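> Listed here are the chains, written in short residue letters.
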Amino acid sequence: MTTRPLPEPTALTEGFWTAARQHRLVLQRCDECGRFRHYPQLLCPDCTSSSWTWTPASGRGVVYTYTRTHQPFHPAWTGRTPYVVATVELDEGVRMVSDLPPEDTDRVQIGSAVEVFFDDLPDTEVTLPRFRLVRAN
Amino acid sequence: MQLTDQCAIAGVGNTAYTRGTERSTLDLHLEAARRALDDAGLRPADVDGVMPSASAGRCAEDFIANLGLRDLAFSSTVHMGGASTIASIQSACLAISAGVASCVLVPAGRRGFSGERISTGRNVQESIMSDLLEFEAPYGNLVAAQWFAQAAQRHMHEYGTTSEQLGHVAVTIREHANLNPNALMYGKPMTLADHQGSRMISSPFRLFDCSLESDGAGAVVVTSAERARELAKPPVYVSGVGESHGYPPTSLTQKADMAVVRSLQLAGAKAFSRAEVTTDDIDCLLIHEGFTWYVIAGLEALGFVKPGEGGPFVEAGHIRLDGSLPVNPNGGALSEGHVSGINHVIEAVRQVRAEVPSARQVPGCETVAVATEGNFFDASVLVLRGERS
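In the order they appear, the protein sequences are chains A and B.
Letter 39 of the first sequence, counting from 1, is numbered 39 in the numbering used here, and no numbers are missing.
Counting from 1 along the second sequence, just add 1000 to a position and that's the residue number in the numbering used here.
Hints may be right or wrong, so weigh each one.
Said to hold, decoys possible - Label-pair ranges, simulated between beta-carbon atoms:
1) 1363(B) / 109(A): 31 to 37 angstroms
2) 1158(B) / 135(A): 34 to 40 angstroms
3) 1199(B) / 101(A): 23 to 29 angstroms
4) 1043(B) / 42(A): 30 to 36 angstroms
5) 1158(B) / 80(A): 27 to 33 angstroms
6) 32(A) / 1307(B): 33 to 39 angstroms
I should point out that these hints are in silico values taken from the structure, not numbers from a laboratory.
In this text, all values refer to a predicted model and were calculated from it rather than measured experimentally.
Every residue gets a Cβ at the ideal spot worked out from N, C-alpha and C, and that includes glycine.
With the hints as extra help, turn the sequences into a complete structure.
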């Protein structure tokens, strides 16, 4: 199986990926105004403070929108279509993108509750924080 | 200083639009440029400004070397994807109004089939894509069809927009293409059933919701209004122009409201205000539509209808040539060709000049608006008009 496109962390973003490797989801949080932000930026877009801290996130949110993709646009998804790309709104107010596990492909709806899980990609040093639908008890 | 009517589009030109070419992207740009200069009655040596297209990987030196430009006075490149075309016209007008340049060439278009083809990942990657590549591509969110599909899905959720309404956009614009022999889809009629039966690409987008992957280029020549009045064709005045860069710029998925193209609202308000027009004054509208949904979103963002009313508006036939607001009489990016939106500007100019075949000529077409979209909801809007009667 072809590997997914892999993230290439920068000095600014490596803390996010290092935490993911340890199965922790962290977000930048402004030390001045307390606002969470993602994707990583040097300055807080609300108060322009340069002071921030990687802060643990709940890993919970809802599906803001999604698309069910039927055409593989990269060899990693050949033979694995359709798959769902979801845009998730976290409880912290930021959005993250994740593909959902195959069992969620036909069940996803806008507003569906989701939770994070950690996908250690085989033969790489990369762990992707991903999301899946919260299972009913 | 106001830009209103200070500059004009003096010439337009385009290549054939094809699926398959042996020629380079630069070769296509040069053919379009020479045709635009011929159209204006200008010579290459008259060009003292050029706005090369980043999406096509072009630079000023391409044109200096091939057109023999001995003293290029102005060049700049806009990085707004498909919104660059009109934003480049705005920059050209600024340079001309300030006396920095007098005759600015704006070429655009790419080999979207044979070369820089999006579905193969061979399109030009701009630095704006870095967040997407790091945080979305690993999850399979790879191409524009998926980004805009998620916006359309949200629009459907909020307003009840339907796949059939998207289909009405595709069918209407295809009808227009069938009146345009230069359209790639000329001679290929489409029904709503054809649209509904076309294969799913990325829900809710079917194949016929997606613009064409095509090869081709177009160019326009911008001069002062005063100079344009002495050239070969009647001047088409840049009455108003505006651009707005989307916020946040990192990805479509980060927009506060993905169902609303906020930047197009802002760019449209600037262009309409500078042109001193309202939506009621627009005789014909061109929207550079990567996807059917963008026509609906564009009608809403530009204020022709309220948010959520775009779907019913197209379903009622208002955007047909015989409707209250003809949209994309050339066949647009969905059915004429995907030429980075410059084919929409060219059609607008030809509609104002009343030089398109009569079957697709909008009667009494004096004022035309053109809206282009690029990258992650970057937007630019142009209002053109002919001589006031």
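> Would you mind marking each hint as holding or not holding in the structure?
Each hint tested on the structure:
{"no.": "1", "hint": "1363(B) / 109(A): 31 to 37 angstroms", "in the structure": "46 angstroms, violated"}
{"no.": "2", "hint": "1158(B) / 135(A): 34 to 40 angstroms", "in the structure": "27 angstroms, violated"}
{"no.": "3", "hint": "1199(B) / 101(A): 23 to 29 angstroms", "in the structure": "24 angstroms, holds"}
{"no.": "4", "hint": "1043(B) / 42(A): 30 to 36 angstroms", "in the structure": "49 angstroms, violated"}
{"no.": "5", "hint": "1158(B) / 80(A): 27 to 33 angstroms", "in the structure": "30 angstroms, holds"}
{"no.": "6", "hint": "32(A) / 1307(B): 33 to 39 angstroms", "in the structure": "35 angstroms, holds"}
Comparing the model with each earlier hint shows violations of hints 1, 2, 4; every other hint is respected.
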